[in-house]
Amino acid sequence: MSTSRSLATGLTKLPAAVCRRAQPIRNQSRASLLSSRCSTRTPSTILSRAIRLSPLCQRGFSTSAHQRHGHIHTPKPGEELYITFIDKDGEEYKFAVSEGDNLLDIAQANDVEMEGACGGSCACSTCHVIVTEDDFFDKMPEPDDDENDMLDLAFGLTEMSRLGCQVKMTKELDGLKVRLPSMTRNLQASDFE
Amino acid sequence: MPLRIARPPGLARQLLGSAHNGRAFSSSPRRQSSRSPDVPFRLAVVGSGPAGFYTSYRVMGKIPSARVDMYESLPVPFGLVRHGVAPDHPEVKNCQEKFDEIASSPNFTFIGNVSIGQPGHSTQHCTIELQSLLRNYDAVLFSYGASEDRKLGIPGESTLNCIYSARHVVGWYNGLPDCAGLDLDLTQGEEAVIIGQGNVALDVARMLLEDIDVLKKTDITEHALAKLAESRVKRVHVVGRRGPMQAAFTIKEIRELMKLSRVEFHSFDRSLVPEDLKSLPRATRRLMEVLVKGSPTPHESASKSWSLDSCLSPKQFLANQESLSNVASTEFNITELSSPFDPKSPVKSTGETVILPSDIVFRSVGYKSVPLPGFDDAGIQFDDRRGIICNDGLGRVRSLASSNKAEDVNKQNVPGVYCAGWVKRGPTGVIASTMQDAFITGDAIAEDWLSGAPFSNTSSEQPMRGWEEVRKEADSSNGRAVAWDDWRRIDQAERERGQKAGKEREKFTSTADMLAVLG
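Line by line, the protein sequences are chains S and D.
At position 97 of the first sequence (counting the first as 1) the number is 101 in the working numbering, and the numbers step up by one without a gap.
At position 484 of the second sequence (counting the first as 1) the number is 546 in the working numbering, and the numbers step up by one without a gap.
Any given hint might turn out to be false.
[As the list claims (entries may be wrong)] Derived pair list, reagent style EDC-like, types lysine to aspartate or glutamate, alpha-carbon separation capped at 16 angstroms:
| no. | chain 1 | residue 1 | chain 2 | residue 2 |
| --- | --- | --- | --- | --- |
| 1 | D | K377 | D | E362 |
| 2 | D | K355 | S | D149 |
| 3 | D | K321 | S | D150 |
| 4 | D | K321 | S | D149 |
| 5 | D | K340 | S | E163 |
| 6 | D | K430 | D | D445 |
| 7 | D | K296 | D | D273 |
[As the list claims (entries may be wrong)] Each pair of labels, with its calculated beta carbon distance range:
| no. | chain 1 | residue 1 | chain 2 | residue 2 | range |
| --- | --- | --- | --- | --- | --- |
| 8 | S | K172 | D | P343 | 21 to 31 angstroms |
| 9 | D | E153 | S | E137 | 29 to 39 angstroms |
| 10 | D | K406 | S | E163 | 19 to 29 angstroms |
| 11 | S | T78 | D | E153 | 39 to 49 angstroms |
| 12 | S | E137 | D | S184 | 56 to 66 angstroms |
| 13 | S | D148 | D | S521 | 51 to 61 angstroms |
| 14 | D | D575 | S | D138 | 53 to 63 angstroms |
| 15 | S | D148 | D | A463 | 46 to 56 angstroms |
| 16 | D | D245 | S | K92 | 29 to 39 angstroms |
| 17 | D | S387 | S | P145 | 50 to 60 angstroms |
| 18 | D | P343 | S | D93 | 23 to 33 angstroms |
| 19 | S | D148 | D | K340 | 15 to 25 angstroms |
Treat the hints as calculated values from the structure; they're not laboratory data.
Being a predicted model, the structure only gives us computed values, none of them experimental.
All C-beta atoms in this analysis are idealised placements derived from N, C-alpha and C, irrespective of residue type, glycine included.
Only chain S is shown next, with the shape it has when bound in the complex:
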């Protein structure tokens, strides 16, 4: 009873990224099919790690409609741009994406563990990403004041930090790698005693 319930809920569904890892991208049509079917994001690394080995990941788990904060475009064949997200455990997720899509939408459409509390309107810092290479960072248009204001409040701010919702994929950014900041912050020692 509880087993069936647990797998059927919108909140504990399988992340597409997991499916993807089990089945690396071979062609774009498969990738886009998966991203449109697995329509919720989950932060559950517990679930994802467990289930990626099981054949269940081949199935579509959309049991209910979900509101999406953004949507992404399917890249035309031959025009795919590649982006890699590195999660806080160091695991890499590479996706073929389309020019013009922003990193928050890409992450959410592919169930990468990234929140966008303000829905991508540059009013929070929950989609903070850290660009791993100087070259790519320099190729991005400068962050505006609003983005920098939010980054100032982000945990783990670095010189290479950006908000995912403000960075759009371009041909120049093909091959981009971004790291998700670890949300672990040593709260207990300094703040609570």
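Mind docking chain D on chain S? Use the hints.
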């Protein structure tokens, strides 16, 4: 209808293995035998703000069998996202979409218009005893925020008119039923003094200074709009005990004030900020740059103005000579920072004082949480001085009987009782920090559950029945509990009211009006 999917053998072990590997927040080694993730888990959440929703989301993601019942004393959800976030910051409220998604899960139940231990504000309200929750759930999460505010404790504060709590004012312009009756008098004169330099103080300043036509398009309440339209306030002092380097406000709020059209920013004491800003850490440097740059509005074209007044500690409020019951001015002790550029610098009084004219005063020196009735009986420790539930920093609630001895580590916490949000760490921080904090509590709950730690009713053989059982008590009163679909009807009615007024929504400001939508 839930989809039935057989779980492959060995999956439970994998799940638990992962949970252990992911023990980033483990505070103490636990030796209990693990719990299967199939064991039903019932969680009661008290309070429906961002801390409650984000913790629920995390728990439901990590414990597949979790069922969450969220209790809210108002008929409407979202806490400070609805009643705290300024009306001209609609983008910050977009997180409500996520909360709606969470609430749409079949494993989530919203129970509005029901408070825990507190008597209700109307005859239609329901009250549940805390013990009833503790009896009928595996775990209870307190995420009910901070419902009181800190006071100054100086002469005149509680006796003179036109001295307001900023928290009440925020609740008033945002339609919080408890604050709907606030009779804000903005017509006594031009000089307003806001005591405190956090973002709430700046929100209130912005409401006083912003063009009324801008506010009209927001979801600010109609009665607040009418009062602000007749405001005579032209000069706003935002006063702090310390300096800009120590202030709690953040850059977005300062920048917005600098950008207001026809509003001048008076220069501030530049000696309180380092001459060379480049040496400062990034966030501080950028904030100070905005302050030093000031507003582009020249004095001649300004219709209103504001200032940051530093190193002033309120001493007493002085009455108006003609109308003795109203405040006319505020006397401040002038303070001195022992190290002006140190964000943690203390201040001491210089012995000198200064008087600022004050036709209206707003007290904005912080919010404060209060314990719920029944905490003592449940053995829950509350820190009255800090206004938070005592916890281990990860959300596990401290027991009244706890000691600081390391060997008693398993007795320090109340099994199955957790906290998140402002009631856990104090009333500061934006949605992003509340979310992170909520995830930390959610991880602690999941880790404890999956590792087999004791919970509220570990000895019980029966699965906890949660709201199905608790509601029998609610039903014995005259109240009506509000479900998520009921809230959607209220939401829809508010949007329809708003459409007529050319704004996103016109909130109901009384619980009776909210409930009237439901018939």
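Going through the hints against the structure:
no.	hint	verdict
1	D:K377 to D:E362	34 angstroms, violated
2	D:K355 to S:D149	14 angstroms, holds
3	D:K321 to S:D150	13 angstroms, holds
4	D:K321 to S:D149	13 angstroms, holds
5	D:K340 to S:E163	15 angstroms, holds
6	D:K430 to D:D445	11 angstroms, holds
7	D:K296 to D:D273	12 angstroms, holds
8	S:K172 to D:P343: 21 to 31 angstroms	29 angstroms, holds
9	D:E153 to S:E137: 29 to 39 angstroms	31 angstroms, holds
10	D:K406 to S:E163: 19 to 29 angstroms	25 angstroms, holds
11	S:T78 to D:E153: 39 to 49 angstroms	28 angstroms, violated
12	S:E137 to D:S184: 56 to 66 angstroms	60 angstroms, holds
13	S:D148 to D:S521: 51 to 61 angstroms	58 angstroms, holds
14	D:D575 to S:D138: 53 to 63 angstroms	57 angstroms, holds
15	S:D148 to D:A463: 46 to 56 angstroms	54 angstroms, holds
16	D:D245 to S:K92: 29 to 39 angstroms	51 angstroms, violated
17	D:S387 to S:P145: 50 to 60 angstroms	58 angstroms, holds
18	D:P343 to S:D93: 23 to 33 angstroms	29 angstroms, holds
19	S:D148 to D:K340: 15 to 25 angstroms	21 angstroms, holds
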